[in-house]
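Line by line, the protein sequences are chains A and B. The letter at position 71 of the first sequence is residue 66 when you use the working numbering, and the numbering goes up by one with no holes. Counting from 1 along the second sequence, just add 12 to a position and that's the residue number in the working numbering.
Any given hint might turn out to be false.
Stated by the list, open to error - Here are the in silico distance ranges between beta carbons for each label pair:
hint, chain 1, residue 1, chain 2, residue 2, range
1, B, Val483, A, Asp14, 49 to 55 Å
2, B, Val140, A, Pro70, 38 to 44 Å
3, B, Val483, A, Thr22, 47 to 53 Å
4, B, Val482, A, Gly77, 20 to 26 Å
5, B, Gln127, A, Asp14, 16 to 22 Å
No lab work stands behind these hints, which were simulated from the structure alone. Here a beta-carbon is modelled for each residue, glycine too, at the ideal position from N, C-alpha and C.
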Amino acid sequence: MADRTFICRCEDVTLSELDHGIARGLTTIEELKRYTGFGTGPCQGKECLGAVARELIRRGLITAESVQPFTARAPCEPVSFGALASVPDPFREPAR
Amino acid sequence: MSRARPLLVPAEAAPRTVQIRVDEALVEARPEDTLATALIAAGSLMTSRSPKYRRPRGAYCLSGDCGTCWVRVDGRPNVRACTTAVREGMRVSSQNTYRPQRLDPTQLVDAMFRQGMDHHHLMVHPRVVNQVMQEVARNLTGYGELPEGADERRCEHVEHELPVVIVGAGPAGRAAARVFEQRGIAYQLIDRKDRRQFEAELDGDDLSAGDPSARVEWTPRELLLGCGVFGVYGDPRAGLPAPAPGRMLLAASELIPAGEGHAADAEHAEVERLHGFRPRHLIFALGTREPMLPFANDDLPGIVGARGLLLALRRAKARIAGPCVVVGVGERAEKLQAALDRLRNPAAPKVELVDPDKIERAIGSTRIEGLVLRDRRLPCALLALAAAPSPAHELASAAGAQVRFDGAGFSVVRDDQGRCARLDGSEVWACGDMVGYMGAAAAARDGQAIAERVAEALLAEPAALEHVRVVTTREPSAPRLTERPVVGDAFANEPLPDETGL
Chain A
-4 MADRTFICRC EDVTLSELDH GIARGLTTIE ELKRYTGFGT GPCQGKECLG
46 AVARELIRRG LITAESVQPF TARAPCEPVS FGALASVPDP FREPAR
Chain B
13 MSRARPLLVP AEAAPRTVQI RVDEALVEAR PEDTLATALI AAGSLMTSRS
63 PKYRRPRGAY CLSGDCGTCW VRVDGRPNVR ACTTAVREGM RVSSQNTYRP
113 QRLDPTQLVD AMFRQGMDHH HLMVHPRVVN QVMQEVARNL TGYGELPEGA
163 DERRCEHVEH ELPVVIVGAG PAGRAAARVF EQRGIAYQLI DRKDRRQFEA
213 ELDGDDLSAG DPSARVEWTP RELLLGCGVF GVYGDPRAGL PAPAPGRMLL
263 AASELIPAGE GHAADAEHAE VERLHGFRPR HLIFALGTRE PMLPFANDDL
313 PGIVGARGLL LALRRAKARI AGPCVVVGVG ERAEKLQAAL DRLRNPAAPK
363 VELVDPDKIE RAIGSTRIEG LVLRDRRLPC ALLALAAAPS PAHELASAAG
413 AQVRFDGAGF SVVRDDQGRC ARLDGSEVWA CGDMVGYMGA AAAARDGQAI
463 AERVAEALLA EPAALEHVRV VTTREPSAPR LTERPVVGDA FANEPLPDET
513 GL
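Construct all of the structure, not just a fragment, from the sequences and the given hints.
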């Protein structure tokens, strides 16, 4: 097994993939997320976002004051479609 | 599995009473174990292979944040091993792996395509070859397979309208709940952890090892456990005539294990209850998460979060039985090392602390076996990462709060009162470690201070204080399949058919 340094374990994004994205001129969290796919796995960035931000700041690509995370979206905890379907449709039953 | 060394042992001699099946092996566990602690105790750390490089993966954070301990439980895929309590006869299988686990057919693909694979052109023509290739690829990779058979889980929906909801039952959330309970204000405290985990964490803060003087005996009355808040939304009924005041919606999913639901559900396997909370004031006390530290092979099974390991050990009443190393610098890392060392079996070597900058790489095959440092090598079966904790900002961000980078992660920005956002007719507050790591004692003081401000605001607004309503939908009828008319651009303004009452 080759040595690899992972920055995002959910989507198997390594530090060298991040380097590759940076070498192509990408410097923001959002751009690097689109390029490498980091933060798009099951944890949705809970584990990797801070590590990537630290890495970008360390390299002087972005300042701690200006760095922002990518948009947090629901669901951030597991929920089944069955449970979601148990909600009465507010547009069908507005007076409930 | 029987050949693997045990990595955890019970703190006190207790009969192991729960038997679970893990792949082809029988694993003995104790009722207080989670699946993750039972697997670590048995020395069976690998739960899956990673999606791209097909590397062995196991539980990391041990607290429900990361995505690498997912296993298949009784036919249901993608179940978190770290937050699932063991149950007699549980059938657990690892995902995306082949048995024996060391065998990985995708290595063949790597050997064949040394320069990488151009999947846009490979075997696309003729069509039949493409179909075969798709089928093979689907069977080689992916997150779990679909459940076997029909889902036995029953679902129901409960909607709550009340003055205060607190999310997170850590030190800050509990201190806030106490204020409302003392003042007789209706509130609900929610946390995703189960009762055993909640009680294990009452033993002082996250860095003391069950010091009896630090134990908080008080348990909130309105405590909803095993309930994960998954989203915050603006009022979906905004613009529609509704009796409820316009308020945000906080959506949470509660999983009630078989036999613990209401009597009518005795025959059901389990119940998933979807809660919709419409609070006047929402207090987030979500704490922090444990980020990863980049070093070579930082993904090996057996590499875990230090705080997650400490809390899992306390819950499972277990002791470390193998070589354990803590990675980190500073006071918090030292405290975590000392706390973990106190939870070590006397026969196991002392828990060491290592500076992350000294690490060259981790070594091992299906689990970590050692750490190569710049100057020496360390044997290691559990590597506990004690990086600076990063605030759990996601839900507050989704509610509209601003965040700023604090050196470890993104902490929530609040005003001088403690508010971090307003969503429809609801006010959102943040307290504790999620506004910047402060430690358990300071978080409890902060939670109390914020709760007192919220209580003052509520006492000035009797209408909101009195408004408490719970609506349960126990037997949801299957949703009717009807199409909403779409009439060109006028859709937004066009009245819907008369059945909507508009």
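Inset, instruction - Mind checking the hinted window 47 to 53 Å against the Cβ distance between Val483 (chain B) and Thr22 (chain A)? - result: For Thr22 (chain A) against Val483 (chain B), whose Cβ atoms are near 49 Å apart, the range 47 to 53 Å holds.
Legend entry - Range agreement (Cβ of Pro70 (chain A) with Cβ of Val140 (chain B), hint 38 to 44 Å): holds, 39 Å
Inset, instruction - Determine whether the Cβ-Cβ distance between Gln127 (chain B) and Asp14 (chain A) falls within the hinted range of 16 to 22 Å. - result: holds, 19 Å
Inset, instruction - For Val482 (chain B) and Gly77 (chain A), compare the CB-CB distance with the range 20 to 26 Å and indicate the outcome. - result: holds, 21 Å
Inset, instruction - Using the beta carbons of Val483 (chain B) and Asp14 (chain A), state whether their distance is inside 49 to 55 Å or not. - result: Once the Cβ atoms are compared, 54 Å apart, the range 49 to 55 Å for Asp14 (chain A) and Val483 (chain B) holds.
Figure legend: structure checked against the earlier numbered hints; every hint is met.
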